[in-house]
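Asks: Letter by letter, the chains look like this.
Number of protein chains: 2
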Amino acid sequence: MNNQFGIIMAGGIGTRFWPESTPEMPKQFLDLTGSGKSFIQQTFERLNKQIPTEQIYILTNERYRDLIKEQISQISDKQIIAEPVMRNTAPAVLYAAKKIHQINNKAVMLVAPSDHYIANDDKFASNVQAAFDEVAQSDKLMTLGIVPNAPNTGYGYIQFENTPNPIKKVLQFTEKPDLQTAQSFLNQGNYLWNAGIFVWSSASILQAFKKYLPEMYQIMSRNDDIFNTALEKDFIKKNFPLLENISIDYGILEKADNVYVLPAEFVWNDLGAWNAIYEQLHQKDTENVAVNTQLLADNSRGNLVKTNGKKVVLKDLENYAVVDTPDVLMIIPRKDYQKVKEYAKYFSPVPEK
Amino acid sequence: MNNQFGIIMAGGIGTRFWPESTPEMPKQFLDLTGSGKSFIQQTFERLNKQIPTEQIYILTNERYRDLIKEQISQISDKQIIAEPVMRNTAPAVLYAAKKIHQINNKAVMLVAPSDHYIANDDKFASNVQAAFDEVAQSDKLMTLGIVPNAPNTGYGYIQFENTPNPIKKVLQFTEKPDLQTAQSFLNQGNYLWNAGIFVWSSASILQAFKKYLPEMYQIMSRNDDIFNTALEKDFIKKNFPLLENISIDYGILEKADNVYVLPAEFVWNDLGAWNAIYEQLHQKDTENVAVNTQLLADNSRGNLVKTNGKKVVLKDLENYAVVDTPDVLMIIPRKDYQKVKEYAKYFSPVPEK
Numbered sequence: 001m002n003n004q005f006g007i008i009m010a011g012g013i014g015t016r017f018w019p020e021s022t023p024e025m026p027k028q029f030l031d032l033t034g035s036g037k038s039f040i041q042q043t044f045e046r047l048n049k050q051i052p053t054e055q056i057y058i059l060t061n062e063r064y065r066d067l068i069k070e071q072i073s074q075i076s077d078k079q080i081i082a083e084p085v086m087r088n089t090a091p092a093v094l095y096a097a098k099k100i101h102q103i104n105n106k107a108v109m110l111v112a113p114s115d116h117y118i119a120n121d122d123k124f125a126s127n128v129q130a131a132f133d134e135v136a137q138s139d140k141l142m143t144l145g146i147v148p149n150a151p152n153t154g155y156g157y158i159q160f161e162n163t164p165n166p167i168k169k170v171l172q173f174t175e176k177p178d179l180q181t182a183q184s185f186l187n188q189g190n191y192l193w194n195a196g197i198f199v200w201s202s203a204s205i206l207q208a209f210k211k212y213l214p215e216m217y218q219i220m221s222r223n224d225d226i227f228n229t230a231l232e233k234d235f236i237k238k239n240f241p242l243l244e245n246i247s248i249d250y251g252i253l254e255k256a257d258n259v260y261v262l263p264a265e266f267v268w269n270d271l272g273a274w275n276a277i278y279e280q281l282h283q284k285d286t287e288n289v290a291v292n293t294q295l296l297a298d299n300s301r302g303n304l305v306k307t308n309g310k311k312v313v314l315k316d317l318e319n320y321a322v323v324d325t326p327d328v329l330m331i332i333p334r335k336d337y338q339k340v341k342e343y344a345k346y347f348s349p350v351p352e353k
Numbered sequence: 001m002n003n004q005f006g007i008i009m010a011g012g013i014g015t016r017f018w019p020e021s022t023p024e025m026p027k028q029f030l031d032l033t034g035s036g037k038s039f040i041q042q043t044f045e046r047l048n049k050q051i052p053t054e055q056i057y058i059l060t061n062e063r064y065r066d067l068i069k070e071q072i073s074q075i076s077d078k079q080i081i082a083e084p085v086m087r088n089t090a091p092a093v094l095y096a097a098k099k100i101h102q103i104n105n106k107a108v109m110l111v112a113p114s115d116h117y118i119a120n121d122d123k124f125a126s127n128v129q130a131a132f133d134e135v136a137q138s139d140k141l142m143t144l145g146i147v148p149n150a151p152n153t154g155y156g157y158i159q160f161e162n163t164p165n166p167i168k169k170v171l172q173f174t175e176k177p178d179l180q181t182a183q184s185f186l187n188q189g190n191y192l193w194n195a196g197i198f199v200w201s202s203a204s205i206l207q208a209f210k211k212y213l214p215e216m217y218q219i220m221s222r223n224d225d226i227f228n229t230a231l232e233k234d235f236i237k238k239n240f241p242l243l244e245n246i247s248i249d250y251g252i253l254e255k256a257d258n259v260y261v262l263p264a265e266f267v268w269n270d271l272g273a274w275n276a277i278y279e280q281l282h283q284k285d286t287e288n289v290a291v292n293t294q295l296l297a298d299n300s301r302g303n304l305v306k307t308n309g310k311k312v313v314l315k316d317l318e319n320y321a322v323v324d325t326p327d328v329l330m331i332i333p334r335k336d337y338q339k340v341k342e343y344a345k346y347f348s349p350v351p352e353k
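Residue numbers (my numbering), protein chains in the order written: chain A, 1 to 353; chain B, 1 to 353.
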């Protein structure tokens, strides 16, 4: 029996990719790089190379169930784990771990975000396999850390103990440092970015929940018999809302002393906003990046143009993001990607749930 | 019986308003100012205020028959005069004059372009009525001339004899003068722009054709009995292609000595290209003109934005034309409106018929 399970975290509802992303169609369901597949489709296929289809679960909100069934037709309804209310990552991971451990108490789990950009899937597979092999024979809680190429202040950093073994003991997590601190991390050389990619055995992570989030663990352990039965839905509906709104990083990883990191060998980008699409896809600074677009650039350079298959003419435009959807057209300098949320709010003033 | 007839010239296939205008949907069928009506609908309604519905004819190509029936549902099929082949304005006017004269030999005709912008329809009606009244009792060939407000080198100029009578004798036509000549015309004060708006009796214009374009007149007079009968279509199919490709201005008006002009009192703009839409619709130079668009302009001014009902966000953009259609998005400086034909050709390299 294959003990490897995958958990794809697909509950995000961000609007940083407005107007393409909306609460009805968030980033993980979009193809923003012109690959022909949405991020969640790419993520599923990446995991599916080493994890059996029926052992990949998708953690999401009930509202996205139909979208997921539409985009990932291979999986069955019971592999979509819908949270009845929005909670943070710790309750979601605990829920998934309980279900999987009930199915296979020798399970090892990969937890992966659904909306990141990863190139070189083979390296991803070999890194994940190394982690699976490690956690199958130890109680290590592992993360895959990204080798930083800039003092980015938007990421969490993982400090590791510098040993010859490729799997390094984690010394400390630091959330979003200031620029000076980030630069010093890079200079020290034993820091990686936290990409939210975790590998552990279901037994080890449940043990960690019991130790570091005992209240949450107790609530979810009131009746282990209901997992993967018809009774599960009612149990979750009643108990999940009682769980603390806390991240797995803050609730477990920053406290546990058995956390390890493997420096990733694949290309990774969380693609946090429109500008990141340009940064990831362009070859040189003067290039225009045209996604799903037939572009005629007349004296125009450095632009990101994303449409749904349109012909686009640009003249005398530099370093803009041009994003066209059936309802909205946005033309802004790429550097102003942070204003997108403000524009989204202007046109959709209803508060998001 | 009302002797007043209208002829709307609607055969144009220009691409200066690409990507909105295409050979399948040229300018006259578009609403480019956000009025809620296409240019030809506006033109029809303007004429219909004084000319009975059944006495308004539309001269066009066969390919636009369905579009016209769709946009002007009031008229009957026989009021759509379709040229079997593209000819210039002289053959078209002669064809219409023959038909109308056969119906009513006391007819007076207004010939008007289908795709111009005219504001103040009441003034238009009173100017046209004055011309109708004049040509009903004389053999005058009349034009309505536009008082020039700039030394525009793209128009034809009409020099008139400066007399107290509001209806002035035409001395000379000048096509597209150079800037210096245009400026001297403005300084002299007795020049008007030729807007292609003509008024005459069917008898007078037929007389003029007989005199100045006798060959064309003879061909179209081979069998007067067929007009407005089932035989007309075959006759036209056979004979119309034989007619000389010449404009009414060049073929008749520049030669005849009974040509008169009435200075128009209405606001007129031929809206020759995207920039002209901005120029006509803006109140002050910093204003953005948004046509069929819900615009959020962030540090952006002087732009023309035309979509089909979209929300648009602009940041840091000045004096651009932003035109969005279901297939094409064009973002170019307004001043570069002349490059539109080049872009149209790039994306539609098939030669237009």
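Just so you know, these hints were derived from the structure itself, not from any lab. Where hints are given, some of them may not hold.
Identical chains share a label here; the pair holds if one copy fits it or two copies do between them.
What the hints assert, rightly or not - List time: in silico DSS-like cross-link candidates among lysine-lysine, alpha-carbon distance up to 27 Å:
#  : residue 1 : residue 2
1  : Lys-237   : Lys-284
2  : Lys-315   : Lys-335
3  : Lys-311   : Lys-339
4  : Lys-315   : Lys-345
5  : Lys-255   : Lys-284
6  : Lys-335   : Lys-123
7  : Lys-255   : Lys-106
8  : Lys-169   : Lys-210
9  : Lys-335   : Lys-311
10 : Lys-37    : Lys-49
11 : Lys-211   : Lys-315
12 : Lys-345   : Lys-310
Asks: Next step is simple, just say for each hint if it's right about the structure.
Replies: Taking the hints in turn, this is what the structure says about them:
no. : hint                 : verdict
1   : Lys-237 with Lys-284 : neither (51 Å within a copy, 59 Å between copies)
2   : Lys-315 with Lys-335 : both (19 Å within a copy, 11 Å between copies)
3   : Lys-311 with Lys-339 : both (26 Å within a copy, 16 Å between copies)
4   : Lys-315 with Lys-345 : between (29 Å within a copy, 16 Å between copies)
5   : Lys-255 with Lys-284 : neither (43 Å within a copy, 63 Å between copies)
6   : Lys-335 with Lys-123 : neither (32 Å within a copy, 51 Å between copies)
7   : Lys-255 with Lys-106 : within (24 Å within a copy, 100 Å between copies)
8   : Lys-169 with Lys-210 : within (22 Å within a copy, 102 Å between copies)
9   : Lys-335 with Lys-311 : both (24 Å within a copy, 21 Å between copies)
10  : Lys-37 with Lys-49   : within (16 Å within a copy, 57 Å between copies)
11  : Lys-211 with Lys-315 : neither (61 Å within a copy, 51 Å between copies)
12  : Lys-345 with Lys-310 : both (26 Å within a copy, 16 Å between copies)
This entry does not satisfy hints 1, 5, 6 and 11, going by the numbered hints stated previously.
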